[in-house]
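Asker: Here is how the chains run, residue by residue.
2 protein chains.
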Amino acid sequence: MKKVSIGIDIGGTNTAIGVVDREGKVLVKDSIKTPTHGNISLFIDDITNAVRELVSAVSALNPKIEILGLGIGAPNANYYTGNIEHAPNLSFKGVVPMVKLLEANFPDLKAIAITNDANAAAIGEMIYGGARGMKNFVIYTLGTGVGSGIVVNGDLVYGHDGFAGECGHTYIVPDGRLCGCGGKGHLEAYCSAPGMKRTAFELLAKYNAVNSPLAEKTFLELDSKMIFDAAEKGDMVALEVFELTGKWLGIGLANTVHHTSPEAIFLFGGPTAAGNYIFRPTIESMEHNLLPIFKNKVKVLPSQLKAGDAAIVGASALVYKELDKLLA
Amino acid sequence: MKKVSIGIDIGGTNTAIGVVDREGKVLVKDSIKTPTHGNISLFIDDITNAVRELVSAVSALNPKIEILGLGIGAPNANYYTGNIEHAPNLSFKGVVPMVKLLEANFPDLKAIAITNDANAAAIGEMIYGGARGMKNFVIYTLGTGVGSGIVVNGDLVYGHDGFAGECGHTYIVPDGRLCGCGGKGHLEAYCSAPGMKRTAFELLAKYNAVNSPLAEKTFLELDSKMIFDAAEKGDMVALEVFELTGKWLGIGLANTVHHTSPEAIFLFGGPTAAGNYIFRPTIESMEHNLLPIFKNKVKVLPSQLKAGDAAIVGASALVYKELDKLLA
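For the record, the sequence lines run as chains A and B. Start counting the first sequence at 1; every next residue gets the next number (this note's numbering). Start counting the second sequence at 1; every next residue gets the next number (this note's numbering).
No lab work stands behind these hints, which were simulated from the structure alone. Don't take each hint at face value.
It does not matter which identical chain is used: a pair holds within one copy or between any two.
With a cut-off of at most 35 Å between alpha-carbon atoms, the simulated DSBU-like pairs for lysine-lysine come out as follows [what the hints assert, rightly or not]: (1) K93 with K295; (2) K297 with K93; (3) K110 with K297; (4) K297 with K100; (5) K100 with K299; (6) K321 with K135; (7) K206 with K64; (8) K295 with K100; (9) K299 with K93; (10) K33 with K295; (11) K306 with K110.
Bear in mind the structure is a predicted one, so any value in this text is a computation, not a measurement.
Please take these sequences and the hints and turn them into a complete structure.
Answerer: Printed below as a string of structure tokens:
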């Protein structure tokens, strides 16, 4: 029997579903709209149908498939309760018992679990990626926001309430930039893709940089890929954006090291495609801000999850952690 | 049989040793000089003799005593290796295999373990104090420095290298005050007892506060008790010291909540004797800096370990965690 698990990534616009093998390879996948009608039963039906079709498709390719379980990544997902709780970007209001609803439709599956996407990425990295064999590591996911997943003694840190690992909202700059959460000076306001854009606009203003290619873009247009392209052409504004982003991110990573002393910190997401433009200043800043006992010990590594499939793959990895717990 | 454990607290000047019962009560205790001669064998002999005398004394009081093990709190102690590693304030240089050396003298004891004093305080709080029954909590120890111990899923977070939980060296103020570790802007430089003194001196200078009772003290003389006494008399400088200390400490606690989402954070040490002078602004600042999902959830509580015996008691608690692991 070939054992596989199913990963479901619920985003604000789309919900991606895939069947993933033990090596983290997506065998088949599909995407459905995350509905805006707010009717959770209809959405559960849509997911159930899509899962059944994918299972049929993969069973047709290989009749000896065994489905181990379902893992779900979703905003404001609470691992302990199995609920999505008050997710601001989803049409389902209040507390939605996702795991319970899916268990009713898939009674034969032993492991159905949910967590947020950054925690799912951490488990994906541990089961399939660069953190295989590591017991203490952290992942920072850099995108529209900054998420994080923290692993201690081989287990994800969920905390008392199920919501641990919000390092994007640690404090970097006193009374600094407004964060999406309403706070000020948080890491996410500096090191997310929109944070990099904000830095670029501050630098354009600071230097009156009319010759920068970034000066040709509106605030709505500019993205982190354009900043990378400009850096590649030697644009001083773009290069400084990476320096500053790395400086701030390194402070955040040092704060995390002072909490949990991980073996490695993985960086995931669009801005990490810039490679050493972002990794070098990040590592320099982290090392600068570490206690001597931690210096030159903590690896800062690119995630080994493939960008396109990472959310599905991460969610599917939850299943293996659940099965481990059932066996323990 | 009455089961007890032995706690040893190795400080820069003195080493305190006590026999502690399961309720965290110190039955007998002694203190020896932490030697400055750098000869570890002589120090191990001193500890061994003191332990044997205490055991004789306690056995004379109650012949049905069973010694479960030895727990040691020491600077730069590594739980994983059992070593004290490069402790700057001890005369023993390099790597000292404390656990191994004590095991040789106490072959009958099943559990001998070492960690740093803040981690020992966390375990003490869990075994005997206010964190009994809690699986996810944190302790901050405010004294000459700021230490911390983090508990996740009922276990202390030691991290990859054994040195996790150095929240005193997280980053609060960019390019801020010089920290004892050589870094800048760390929590410890603001929220330790000397940090409070530094704040007082800044405020004396800022307001030219010649009428403050604190103006009568030299930088060498002023301590956090004097600041508390002045606050009690309504001194505006002293009152603002507590407001600012709480503001900074609350930022640090919020950063910790965003990492591990604890049920409670305990505060331990001299400055916490000031009660609501320090707790109220700390809690206000923490709440202000928390994501909405964490607001009004995390308790900030005074440690229930008695100040005088806390180091011995905390160290002795290590024994119960070790025995749990042997049984698991």
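Asker: Against this structure, judge whether each hint is valid.
Answerer: Here's how the hints hold up against the structure:
no., hint, verdict
1, K93 with K295, "between (46 Å within a copy, 20 Å between copies)"
2, K297 with K93, "between (44 Å within a copy, 21 Å between copies)"
3, K110 with K297, "between (39 Å within a copy, 32 Å between copies)"
4, K297 with K100, "between (43 Å within a copy, 25 Å between copies)"
5, K100 with K299, "between (39 Å within a copy, 30 Å between copies)"
6, K321 with K135, "both (13 Å within a copy, 20 Å between copies)"
7, K206 with K64, "neither (63 Å within a copy, 76 Å between copies)"
8, K295 with K100, "between (45 Å within a copy, 27 Å between copies)"
9, K299 with K93, "between (40 Å within a copy, 28 Å between copies)"
10, K33 with K295, "between (46 Å within a copy, 32 Å between copies)"
11, K306 with K110, "within (27 Å within a copy, 48 Å between copies)"
Comparing the model with each earlier hint shows a violation of hint 7 alone; every other hint is respected.
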